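Undergrad: Residue numbers (the working numbering), protein chains in the order written: chain A, 5 to 812; chain U, 116 to 291.
Derived from the structure by calculation, the hints contain no laboratory data. No experiment lies behind these values; they were computed from the predicted model shown. A hint or two may mislead.
[Unchecked claim] With a straight-line Cα cutoff of 25 Å, these simulated PhoX-like cross-link-like pairs (lysine-lysine) come out: (1) LYS292/A x LYS261/U; (2) LYS170/U x LYS220/U; (3) LYS487/A x LYS506/A; (4) LYS220/U x LYS261/U; (5) LYS349/A x LYS412/A; (6) LYS157/U x LYS358/A; (7) LYS170/U x LYS136/U; (8) LYS170/U x LYS248/U; (9) LYS148/A x LYS170/U; (10) LYS487/A x LYS503/A; (11) LYS136/U x LYS163/U; (12) LYS292/A x LYS288/U; (13) LYS292/A x LYS281/U; (14) LYS349/A x LYS520/A; (15) LYS218/U x LYS270/U; (16) LYS292/A x LYS258/U; (17) LYS288/U x LYS218/A; (18) LYS211/U x LYS157/U; (19) LYS222/U x LYS258/U; (20) LYS270/U x LYS258/U; (21) LYS148/A x LYS588/A; (22) LYS250/A x LYS506/A; (23) LYS487/A x LYS477/A; (24) LYS149/A x LYS258/U; (25) LYS588/A x LYS559/A; (26) LYS218/A x LYS211/U; (27) LYS133/U x LYS182/U.
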Amino acid sequence: MPPKSQPRPPVADKEAVIKLLKGSLIKAEQDARQNEPRTGLRRLTRAEYENTIRDLFDMPGIALQGELPPDGSAHGFDKNSDALDISHVNLAKYIEAADHVLNLAIATRPNPPTVQTRRISLANSGGFVAHVIMNGDGVLLRDKKPDPDFPPAAEQNHIDEGAHERMGSFHNGATVGLFRHEDESLSPYFIEHVTIYPGLYRVRTSLWSFQWDKGQVLPSRGTEAARLSVVQLTGDGRGGQHPSYKLGYFDAPSMDAQEHQLVTWLNHNEIIGFNVASLAPVANYSRKGRAMAFTGPGIACDWLEIQGPLHNVWPPVSHRVLFGDLPISEFKAADHPAVRPPQRKQVRQLGAGKNRPDPAPGLWTVQSDQPLVDADRLLTIFLPRAFRGPVDAELRQAYVAKVEERLKAGDCFESAMRWAYRAALCSPDFLFHVESGSTLRVENHDAERRSTLDDYALACRLSYFFWNSMPDKRLTELAAANKLHPPDVLQSEVDRLLKDPKSQRFIDDFLGQWLKLRQIAATDPDKKLYPEFNPYLQDSMVAETRAYFRELIDKNLSASHLIKSDFAMLNEKLAVHYGIPDVKGSQIRRVPLPPDCPRGGFLTQASILKITANGTTTSPVPRGAFVMDRLLGQPPDPPPPNIAAVEPDVRGATTIREQLAKHRDNVACASCHAKLDPPGFALEAFDVIGGQRSRYRSIGDGDPAPRGAIDPFIGISFKLGLPVDSTGVLPDGRTFQEVREFQSLVAADSNRLLRNLAERLMIYSTGRDTSFSDRDQLAALVAKTQAQGGGIRTLILEVVQSSLFQNQ
Amino acid sequence: MILSLFCILSFAAADEPKLIKHQITGLFSPDREKDLREVFEKQLPQFKLVSIDFKNAEASFDYDPAKTFPGAKPEQIVERFDNELRNATRHTFGAKPLRTIEKDKLKLVEISIVGLDCKACSLAVYEMIYRLKGVELATANFKEGKATALIDPEKIDRVEIEMVLKQRGVQLKPQE
Chain A
5 MPPKSQPRPP VADKEAVIKL LKGSLIKAEQ DARQNEPRTG LRRLTRAEYE NTIRDLFDMP
65 GIALQGELPP DGSAHGFDKN SDALDISHVN LAKYIEAADH VLNLAIATRP NPPTVQTRRI
125 SLANSGGFVA HVIMNGDGVL LRDKKPDPDF PPAAEQNHID EGAHERMGSF HNGATVGLFR
185 HEDESLSPYF IEHVTIYPGL YRVRTSLWSF QWDKGQVLPS RGTEAARLSV VQLTGDGRGG
245 QHPSYKLGYF DAPSMDAQEH QLVTWLNHNE IIGFNVASLA PVANYSRKGR AMAFTGPGIA
305 CDWLEIQGPL HNVWPPVSHR VLFGDLPISE FKAADHPAVR PPQRKQVRQL GAGKNRPDPA
365 PGLWTVQSDQ PLVDADRLLT IFLPRAFRGP VDAELRQAYV AKVEERLKAG DCFESAMRWA
425 YRAALCSPDF LFHVESGSTL RVENHDAERR STLDDYALAC RLSYFFWNSM PDKRLTELAA
485 ANKLHPPDVL QSEVDRLLKD PKSQRFIDDF LGQWLKLRQI AATDPDKKLY PEFNPYLQDS
545 MVAETRAYFR ELIDKNLSAS HLIKSDFAML NEKLAVHYGI PDVKGSQIRR VPLPPDCPRG
605 GFLTQASILK ITANGTTTSP VPRGAFVMDR LLGQPPDPPP PNIAAVEPDV RGATTIREQL
665 AKHRDNVACA SCHAKLDPPG FALEAFDVIG GQRSRYRSIG DGDPAPRGAI DPFIGISFKL
725 GLPVDSTGVL PDGRTFQEVR EFQSLVAADS NRLLRNLAER LMIYSTGRDT SFSDRDQLAA
785 LVAKTQAQGG GIRTLILEVV QSSLFQNQ
Chain U
116 MILSLFCILS FAAADEPKLI KHQITGLFSP DREKDLREVF EKQLPQFKLV SIDFKNAEAS
176 FDYDPAKTFP GAKPEQIVER FDNELRNATR HTFGAKPLRT IEKDKLKLVE ISIVGLDCKA
236 CSLAVYEMIY RLKGVELATA NFKEGKATAL IDPEKIDRVE IEMVLKQRGV QLKPQE
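Just chain U, same shape as in the assembly (with noise of 0.2 Å):
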């Protein structure tokens, strides 16, 4: 009885789902969810895509990474997850370590762009954020008109943002 019992445990633990969080780049509106979970279903469905979570850029996958990723050690999981994503998607996405850093030691920056004008100039726009150093999360929106960027006010600031954004030739509406 006890012996059956403990089978039955196990037997549950072993159906629990192992979730691996990553942060994802390229979900810099909300409309990119949907594109994400497509690019999951029909290109990547090695990856059981579980849930998404907008606003920290995370999602949580469903997998196995000694079977997906045979042979490789922990700290390459996250690259190799990346280079997946990027090559199906022509790299509009991608993914990186999660953050470390507390979200309450970050200040939120909003830029309003002239010229934002679809969803690949959003792209384009996040693109040029998202990677500067000190920039843990970014968001551009053409139908808002405007990019947002999670910051370490200590690394960047907003200054420095707009600066880059000039000098790729994109043109910002004056702040009120």
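Next comes chain A alone, as it looks inside the complex (with noise of 0.2 Å):
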């Protein structure tokens, strides 16, 4: 309004008047919520319970967040205030989340359990490689050539599994040469070592890969990829079948066995999975003449050796944080007629594993000459640390009370100090962030009234936004010493968290819920219209956006990378995803692009692209709403009631492009789909996997298509139906070809992105949406950012310099 052919008002009225609704509102704003905080009590979420948990106790594995019942989403994210709701399910759920805690974190025996070290072959007993093995879908090499002891599979399969494994065919230290991919009946795990003592376990291999050629063994076409993963197994100890969670994805080189080595937390009965990741899905098991039959590309594990569990100390860190230096004894129950023994959890180790528990040492238990002394003395450690501010005397006493009335009922002292942590890691002090302020003062002229958060708070604000967890002992040291707040004292801070691995936390969490990463694996590409796509291109898309995000942080990037870059993070899956040349091996590194590729902003990455789309269509309208919500901070508004969606045409007959012109065509619609449009527009240039495209793919009519990139042992089917128009108009008239023009146009407008970023990191970093009275101050953040050059490390520092920030 007014319409484009009448005249508009004067530039001075529209201020004036402006400036008159704006004042008018930011008062109404600011009496509603007079002495209020802004910010709600809100509970941890279940990523924050856990890592709060991982710190505390120094178990950086321990699995807490899946038995969690999951949390809501407000206004974009998890961590506000208003989705962070609790209920007697919630509360069920963190008692036996910190039963299991304290069950890890307890030291029940005198030294730690034995180091065991176990090299396993891929074709261990009871897995599923062996079997794949018998009927040429893998083979076993020695010296690089073919086991002479075990041919491989020809016109017939190997005959009987088991007289294999007696005869000691997969035990005799061959290397496992494997041509097929993980499937719906293959699972390749190393099931010989399932966890028993949940810890830290060095886990190395030694993996490279080969051309397989009618039983001769030659150089492969490249270092393909292989998957490390870990399986948690289930109650009848035959697998999860797809991984918990995945250690990553590791080069094998051609011909040239290449060792790994990780340390990484292993839980109960987890063991470790494999995937030959960068190979095409092959199947010699139905092929006539099987592997002799067969010439392909093949993956060679060697061997894989665990080691551990790894104790540097024992008792370990955990148990110290509860129990400090007091000794550990054997409980005799003689000795103590009248007191309960602990209790101890048993744990089966499930599967075919081949380490052993070590000997049950008898009953071990901390125990204590002056039980309500030591009580006192752990828990005045203890709960500042756990609850993250200090603890009044008070209050601690009423845990002391705790242990001394499990005590008198006839508990142990390890029992009853249970007992008080357990009501500890259920208290409101630890699940909740409580936020104290300090000064109540005036800020600026418009006399706003904000509580200024203490040191303690800031810390906890300062730590849940990069480390998602607790602050460490430097941040409390300085909140205790009340000398947080100053600017420099909270640059340097700022630095060194984000320089610790653990921000790692922060980029995951705050892309998972920015840019919808979490949403990565919510459709699956239709296997006919896009047959290359495989969970190893998935990951890959991850990693991409997740190390872009660092890299932006890490070299204070400008906010126009965030639609267009001259640098891509990459790997070779994805490089060849994006016609990118020159790119070997797994690991994602940085990648200078050519001048005209449209590649390395979010705006065209691959995850963005696909979590935009519906696994087999795309459509201008949901990435164009994307676009204008997440990187632009204008959300559209929703559709009106009773409209009905445009349903793409499969078949290739029409273009989304056609079916959405006569929806636009509706006034009722025009007005909003001018501006989500254009930029869906532009990414139709992009197919629902991120691949660029001039025609859509179709399963109907069209052309057939050439292979490209695609992996030759990939099939197709799709044919090439009609061009892609990514041509589009801004609601401002100005016009684009195709998308990088469109990308140029708004990469040139940083205030908006930086304004965008800004508040998504100010509501993900307090908990809180922004209001309308924030825009200045948002305002005026943005304007110091780009007077230091733009970048987006500087803009992440303003945020928490605000007072946006560090009021409550």
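Join these two chains into a complex; the hints should help.
TA: See the structure below:
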């Protein structure tokens, strides 16, 4: 308004009205919120809870999130106080979780479990791989040739896997060469090690790749990639089928074994899983001649070695957090006639693991000669750490009283202390962000009354922002000394927190919600239209986006990089997908892009393009809405009720653009679509898995599709249909002919991009939505950032330095 | 003098080994003799393996059952020996009572097999055959691509053996 053809009001009049309205709205907001904290009391999210426990007890891999009820989401994030309700279900789960944590944390033996080292073949007893080798989907190799004692399956498969196990065919030190990708029937596991003692384990493996040619082992087409993962065995010991989580992708160079090593936490009954990630699916078991008729790539695994559990100190840190240096001794019932012994949870090892538990050492427990004195001492140390702030004597005594109550009831010292610790881990002081303000001070000429967070609350804001977890010792010391607020200290701490590997939690969690990366697996691309899609590509997509954001922060790059960039973070898989040559290997690294390449910024990253599609077709509407909302900070209005969605034509007879044109002609729809369609049209240049295209893929009519970079082992049945039209007109009348022009137009508006990102960071880090009266402060924050070069890292620092962040 | 001579003769008689012969299962090809010797050298030294007769799948041992299997009745010795041997070799070797039927009453059957690729495949085929009632001896050799069975024709015939193999997924070469 007014309509385009009508004259506009004078600028001065417009600004006067805006100023009047703005002043009224801000005052109304402030009056409504007077003396109320902006951020409501909120509990820890599942991720925050898990990370806090991990850091508090130094148990970096204990798995807790999956057992807690899902969090809600408000204003784009689960950290928001509007989203985090609590129910009796949550409390029941917290109690279970606390018991599980204490079971793992408390040492129950005088010495650490024996460190066992086990070297395992992929064709281990009881695993799937021996079976597929019998049928020709893998081979045994020795000295990079077929094992003479186990010829490759040919016209017939090998007979009777049991006979082969008993004759030791799979335990003679041979290398396993695997052709077959994991699928519904095959889940390669290293089943001979099933974790008994949760803890850190060193995992090493030796991998290489080869080209198999009907019995000959030749150099491969290049470096392949294998995936290691952790799989939780289910109750029947058969395995969880899909990985619980991935340890990573590892290079398998051609004919040259590369050793890889990592240290990871393993929980009870977890095993290591394997997959030939970069290979296309093949099935020699159904091929005439089996392996001896097959020509194609394979990945060889010489061995996997697991060593652990690794303990630098005993009792471990987790135990010392609870019991300090109190001695552990054997509990003899005869010596404590009126005392109940500590409870021990027996854990059954599932599956076919050959590692064995140590002999039971008897019943060992921490004991105290002066239990209440020790309880007070231990709780004095534990409670402030767990509650992330000072604990007054009265509160501490309430917990000591719990210990006393249990001791009088006949519990031993360990059990009595467990009672108090469990209560602490289920208390609001632990489960909630309790943010205390200090002085109530008047801020700026609008007389807004705010409460500045005290140092402890500020320390928590920082740590939960960048580490998704509790403050560490340094932050706590600064808070205790009231030295955290000065800007130079804050800057130094932000730099330190961002430099720490734990900041990856921020990257993953923030992007998971801001750019919806958590939804990356919400759709499965149609296998006929996109046969080249596989989990390796999907994981690489997510890795790209995370690594890219990390690079923006580390190098303090400008906001235009959110849209457009002269580099991308790629591995070989993604580089092939994007058509960028000369990138080898599975690791993500910075790659300069050719000048005419549209890749690089978030806008054209495959992860975003997949998340904004439905697995079969793309549509400008959801993609346009995503760009407007997530990148530009201008969320479109929801559609009016009773408006039917546009159903894409998968036969390829009409394009989505053509279908949408009829929709946009509707007056009720035109005004919104004028804004959200242009970004969507630009992104029509990319398919549902983020591949660039000039024509739509079709399963109906069309021309034969060239293979391009699609693996030669993947069958192609899709056709090339109608051409893609990625031209558009912005609401202000500027036009673009293709996606790169659109990128340039949008990237130029760095203020808008920074403003949106600032708002997202603010909502994420403070646990509340921004409001109308925050606009000026956000604008000032952006202006300060621009004055210092407009870098993303500078923006983050300005967010932290702002009163919006530091106020309650 | 006579007493001294008697003592010498007694000591000489006492030094003669007490050889016990068992029928051995798992000797499906000549190279299995070496495997069997290794088993007794490394894992079952209490049974001294003296000789192997591959053609009859028999082996002679020097051991004293009364010491090795105290309390066992004579009819239990083979079973106990079998248990020891199976446990030590993951059931790839075993023992059973000596054959009682005369060899000239047995008939030799030879069957050519597709995909007898390795020693373990040979064990698999051997085990399918030798456990059949009426089969007294069996071999399977992946180098030759065939299995043999020495059968009692009154109890079993070639057709039945072939049927069992086919049911277990073994592909046979057509007879020439």
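Undergrad: Against each hint, give a clear statement of whether it holds in the structure.
TA: Structure-based check of each hint:
At roughly 22 Å between alpha-carbon atoms, LYS292/A and LYS261/U fall within 25 Å of each other, so this suggested pair holds. Between the alpha carbons of LYS170/U and LYS220/U the distance comes to roughly 16 Å, so the proposed pair stays at or under 25 Å and holds. Restraint check for LYS487/A and LYS506/A: the C-alpha separation of about 23 Å stays at or below 25 Å, so the hint holds. A distance of roughly 23 Å separates the Cα atoms of LYS220/U and LYS261/U; the hinted pair therefore holds under the 25 Å criterion.
With a CA separation close to 24 Å, the supplied pair LYS349/A and LYS412/A stays within the 25 Å bound. Of the pairs offered as hints, the one joining LYS157/U and LYS358/A holds, with about 23 Å between alpha carbons and a cut-off of 25 Å not exceeded. Between LYS170/U and LYS136/U the alpha-carbon distance is near 14 Å, which keeps this suggested pair within the 25 Å criterion. This hinted pair checks out: LYS170/U and LYS248/U have alpha carbons roughly 20 Å apart, not beyond 25 Å.
For the hint pairing LYS148/A with LYS170/U, the CA-to-CA distance comes to about 38 Å; that exceeds 25 Å, so the pair is violated. Distance restraint check for LYS487/A and LYS503/A: the Cα-Cα separation of roughly 21 Å lies within the 25 Å cut-off, and the hinted pair is therefore satisfied. Straight-line distance between C-alpha atoms of LYS136/U and LYS163/U comes to about 12 Å, which keeps the hinted pair within the 25 Å bound. Note on LYS292/A and LYS288/U: the hinted pairing holds, with a Cα-Cα distance of about 17 Å set against a maximum of 25 Å.
Proposed proximity of LYS292/A and LYS281/U is supported: the alpha carbons are some 19 Å apart, at most 25 Å. Restraint check for LYS349/A and LYS520/A: the C-alpha separation of about 39 Å exceeds 25 Å, so the hint is violated. Our distance criterion of 25 Å between C-alpha atoms is met by LYS218/U and LYS270/U, whose separation comes to about 15 Å. Distance restraint check for LYS292/A and LYS258/U: the Cα-Cα separation of roughly 22 Å lies within the 25 Å cut-off, and the hinted pair is therefore satisfied.
Restraint check for LYS288/U and LYS218/A: the C-alpha separation of about 23 Å stays at or below 25 Å, so the hint holds. Between LYS211/U and LYS157/U the CA atoms are separated by roughly 22 Å; this keeps the pair inside 25 Å, and the hint holds. Restraint check for LYS222/U and LYS258/U: the C-alpha separation of about 23 Å stays at or below 25 Å, so the hint holds. Our distance criterion of 25 Å between C-alpha atoms is broken by LYS270/U and LYS258/U, whose separation comes to about 29 Å.
A C-alpha spacing of about 23 Å is found between LYS148/A and LYS588/A, which places the hinted pair at or below 25 Å, so the restraint holds. As the CA atoms of LYS250/A and LYS506/A are separated by approximately 18 Å, the hinted pair is consistent with the 25 Å bound. In summary, the hint linking LYS487/A to LYS477/A is supported, as the alpha carbons are separated by about 14 Å, within the 25 Å threshold. The straight-line distance between the Cα atoms of LYS149/A and LYS258/U is roughly 19 Å, inside the 25 Å bound, and the hint therefore holds.
For the proposed pair LYS588/A and LYS559/A, the alpha carbon gap of about 24 Å is at most 25 Å, so the pair holds. About 43 Å separates the Cα atoms of LYS218/A and LYS211/U, which puts this hinted pair outside 25 Å; it is violated. Between the alpha carbons of LYS133/U and LYS182/U the distance comes to roughly 12 Å, so the proposed pair stays at or under 25 Å and holds.
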